[in-house]
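Chemist: Spelled out, the chains give:
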Amino acid sequence: MGHWMIVPIVLPAIMAALIVLAVRHDIVLQRVFSIAATVAMVAVAVALVVYASGHGPEMYALGAWPAPFGIVLVLDRLSAMMVLLTSVLGLGVVVYASSQWDKRGKHFHALFQFQLMGINGAFLTGDVFNLFVFFEVLLIASYGLMLHGAGAERLKAGVQYVVVNLTGSALFLIGVGLIYGVTGTLNMADLAVKVPLVTEGDQALLRAGALILLLVFAVKAALVPIHFWLPGTYANAPAPVAALFAIMTKVGAYSILRVYSLAFGEGAGDMAWLAAPYLMPAALVTLALGMTGVLAAKRLNGLIAFAVIGSMGTLLIAISLFTPDAMSAGLYYLLHSTFAGAALFLIGDLIMARRGEQGDHLRTAPGFHQSGLLAVLFFGAAIAMAGMPPLSGFVGKLLILDAARESDLAVWIWSVILVTSLMCIVGFGRAGSVLFWKSASVEGQIETGETEWPVLPIVAAGGMVAAMVALTVFAAPIVGYLDATAAQIFDTSGYIGAVLGPDAVTASDGLSISEMTGVEAETDTSEAAAGSGQ
Amino acid sequence: MEFLVASSIGILCASGVYLMLRGRTFPVVVGLALLTYAVNVFLLAMGRLAIDLPPILSPDATAYTDPLPQALVLTAIVISFGMTALVVVLALRTYLEIGNDHIDGLPDRTPESGDKN
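Top to bottom, those sequences are chains A and B.
Residue 681 in the working numbering sits at position 525 of the first sequence, with consecutive numbering throughout.
Residue 175 in the working numbering sits at position 79 of the second sequence, with consecutive numbering throughout.
So here's chain B without its partners, still in its complex pose (with noise of 0.2 Å):
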């Protein structure tokens, strides 16, 4: 399991930064979303792995799984939801007000320049 869930995170991350590494404004919002993805899924083994244990105090308990990353994963998913549907709106206030979705802002190069992006 440790191997599938780091290895998940890995490929998470690595997505997120290629994709938050392109020109428009659309791949770099979607490799937002799955660097937080990552990050939450890397916040909650960071409690370690731990499989159908409670988080909270039971008579019947014999051992607990950490609650603390389980409510900051909360925290962190509530703030970066929030986000990603702020950075969205505002890249579609920005397409319809400058009329390209490079995220520098220039306009659309001709294919004859060479630019693929």
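For reference, chain A alone in the conformation it holds in the complex (with noise of 0.2 Å):
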């Protein structure tokens, strides 16, 4: 694959750059370049999947140094779906911002795409204080663009959303730091194989930091109780970045499935599947709660705010079965729940902006300009994201289920899905009925100057429903791409074989914890943190 690997990365990275030095006085170009920038990515991410999908995982050492010393990027069939949706979402919002949102702040597409950066970067990265880093640019460009635009209730908002993931960053620290004092490697691969030979007595140390890791993913991926920042947050943030942010929510749910089934899950020894028993109840109860803030929720972002919460919990559910079934069938509905997201955003902020002063409160008011497109488009979304046919939300569920027929716990999770579903449906019910149906029985019509067709963001609130359609459609051949990622998720040899060479692998398999003395354990670890102890 060449350096195509890290074109997702570079790309942006010289693109915001281009774009701050070189055109931050003309919007238009600011425009082109973010567009083509984005475009570029698209194309790329096709080339790494259709790449990916005819070969196993590959390595891209930077800076030519060997694993584990060195920084990779790993590009396997999961990273190189995770950055072609990342790149599709965001040529979408890119293309909604470029009528108006871009001018009502500073330097948006630079941070646009400083963000994508970031997020390609986490996507690809094999290497967890890598990881970190990403993580950072990500959420340093998501603070600026969070903040775009400012207004006083965006800034409260974005104080906390702030200092939560400031909190966020030192937690991960500790955990890395943890993770690194007793294993001596920050490799994913590398722990995979290291993470078996922890001895007794070091294992308390490594769990802790193993769940304090887990910990500070759930904060990106708002599962219950660390999911508080994320309603303020996306409904105070402008609606692009709110529609970008679905996929944050992502990163988090990646990157607990990415460390808990490769360096703590089935060859982890004592520490197989480490997450999985926290992972469910948390999971389950976001699901829930998530679902009951869409029934309770007075204004339309806070209702879409609560339904991403909800379906990162159904999400959550099918990733901590950590069965291949269920892994395939996650994976499907984070695709779906990502573009469902980012759709109900975009519309919302359509319907907000010919409401005049009701905006987004859902009580009746007259009718408003384009109520009928929108309309439409708002049944759609509302749809998928409920889970209802004939949309992806309904494929995505029906999957979850089925996979979750052989678990332990299946009565809990069909019982919560499916009256979670109901109470989806009956919110957003409510939501629609009030926004177009009632206002058609009142007099006069909202005027806000909004009455020429906005073609830019119908496009691209469009294209997300479309792309749900196509979901739906071309169901079977994604599925089949994402059974073959379950299983080369559940395959870590193929992983550790491709990062650290065909050796490691046959020197991971060969060492069982039970043929293993305390002893070699200890020569192990303690070559592995090379020079360190005194």
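Derived by calculation from the structure, the hints in this document are not laboratory data.
Glycine included, C-beta positions come from ideal geometry on N, C-alpha and C.
Be careful, since some hints might not be right.
[As the list claims (entries may be wrong)] Subject to a maximum C-alpha distance of 25 Å in a straight line, what follows is the list of computed SDA-like cross-link-like pairs (lysine to any residue): (1) K312/A to R189/B; (2) K262/A to G119/B; (3) K262/A to L182/B; (4) K312/A to L188/B; (5) K312/A to A428/A; (6) K312/A to D148/B; (7) K312/A to L115/B; (8) K454/A to S154/B; (9) K312/A to G119/B; (10) K259/A to L186/B; (11) K312/A to F177/B; (12) K312/A to N196/B.
[Unchecked claim] Pulled a few chain A residues facing chain B out of the computed Cβ check, cut under 10 Å: (13) I183; (14) L295; (15) I330.
[What the hints assert, rightly or not] Anything over 10 Å on all C-beta distances counts as not near chain A; from chain B, calculated: (16) V101; (17) F138; (18) L164.
Both chains are given apart, each in its own frame, so use the hints to dock them into the complex.
Modeler: Structure (structure tokens):
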């Protein structure tokens, strides 16, 4: 694959610098550069997915330093798919923002490109500390985007968002420190080899480190009880930014999936499936709480934000089953829920702009311009989010329910998913009827000056809905790709072999826990932390 | 030395967490700064405590200290410094825009209502 693997990181980085240095005074040029870069990234991502589907995992050693000493990027089916998802979503967002939103503050496009760089980096990296760095890149950009256009409400939510995430970063470093202190490595593949060899005395420490890391990823994924930052942030962020943030929660879910299936998965000995018992109850509560929020919401943006929390719950239920079937179903739901959340935020913004003073408050008000078209789009996105046929939400939930049948908690999973789906339908049904049907019976029309057809925003929002239609129509080939992806995730030897060379795989297979004496393990870890002990 | 380092990390962390739970932005920012100090010292300690040992290869050295945590700490310091600056600016801007420095943005309550924060 040569150097193509790093293009999704380098391209937006160069573009962001170019936009902020060379064309910062010309909004049209900024748009041209930003959209062109995002289109190019979609093309590269498609090529990466095509390549990854025909090959095993592949490594890119930054600076040609051999793993585990240097930082590596790893391209496999999962990371290629996530990069493609990011770039397609990014394209929709940048097209939407290019009609109006990018003029309300400075440097929207530069921050946007940096955000894409951080997200792509987080998906591609094969090193835990590098994951921290890319988390910071995407967070720093997201702080700027979140505050884009400012306003008192947004600043207030922004302070809380920044403080929560800084605390998360501090915890991330503590977790990373503990893991490094015990295993002497931060390379994910090397961790997968070293974790089973950790002596009994050090296991508690490693477990603590790994679970602190889980906490950080759970903050990103908005898992209960650390979801509280999400509704305020998403509801107050500018709409295109909120739509882009739909992928940010997935970064948390991806990190959980990657780290806890590779390093703390099947081959981790005493620590096998470390995350599963904590993740499942939290995911069930997240789903229930999110959809309760949908029922209770008084404003459209709050309603959508809680629906996003609920969808994260559904996604993490599938992930925390840690079976290939459930993983494949979860990944399908991940693709779907990203587009569903983004589509709803964009459509919500279009509705809000046309309702004048009524904004996104869910109360009966006179009709507004283009309410017919917006109603159609809202209806499509809402039934997808709620998981009603015929759109992709239904397929995703069906796959998850089917995969959960074997689980011990099947009764819980089935009942929570089905009941919350009903709550979601009622919540969105109520919102839609207030916004569109009841307002049709009120005299008059709200005039906001937003009378002409907003071509780009409609194209972007419609594109998100179209993406969900495509997910449904091409469900069979997509699920085929995802099944192979799930198989690749569970066959960790492919990943380890790609990063550390085929020898490492046989070494880790050859050593089972029972064969190892404490002395051997001791020498192994102390060698790994080369020259550290004094 | 272990005790000294461990207890200083503990105290920094405890003070940081306490301050972060306060209601106004200034203590929260100071608390964040203290917490990141604690994290930085902690990261350094994860490479084991070693005195007067070189981190890079040298022909005279008999033992080494682990260079990787030092590199990690350097990255962490840069990031946390930048973030602290950002959160200070943000807190100031919020104060000017909203008119009070409560982290939840609610207006100041009168002393009679029993709010001592």
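Chemist: Next step is simple, just say for each hint if it's right about the structure.
Modeler: How the hints compare with the structure:
1. K312/A to R189/B: holds (10 Å)
2. K262/A to G119/B: Violated: K262/A and G119/B sit about 31 Å apart, past 25 Å.
3. K262/A to L182/B: holds (16 Å)
4. K312/A to L188/B: Holds: K312/A and L188/B sit about 11 Å apart, inside 25 Å.
5. K312/A to A428/A: Distance of about 42 Å is beyond 25 Å: violated.
6. K312/A to D148/B: The hint is violated at about 48 Å.
7. K312/A to L115/B: holds (19 Å)
8. K454/A to S154/B: Violated: K454/A and S154/B sit about 67 Å apart, past 25 Å.
9. K312/A to G119/B: holds (13 Å)
10. K259/A to L186/B: Within the cut-off at roughly 21 Å; holds.
11. K312/A to F177/B: Status holds; Cα separation ~22 Å.
12. K312/A to N196/B: holds (11 Å)
13. I183: violated (24 Å)
14. L295: Interface hint status for L295/A: holds (9 Å vs cutoff 10 Å).
15. I330: Since chain B brings a Cβ to about 6 Å from I330/A, closer than 10 Å, the hint holds.
16. V101: Non-interface label stands for V101/B: nearest chain A Cβ at 13 Å, farther than 10 Å.
17. F138: violated (5 Å)
18. L164: Violated, because the least Cβ-Cβ distance between L164/B and chain A comes to about 7 Å, which does not exceed 10 Å.
The structure is inconsistent with the numbered hints 2, 5, 6, 8, 13, 17 and 18, although it conforms to all the rest.
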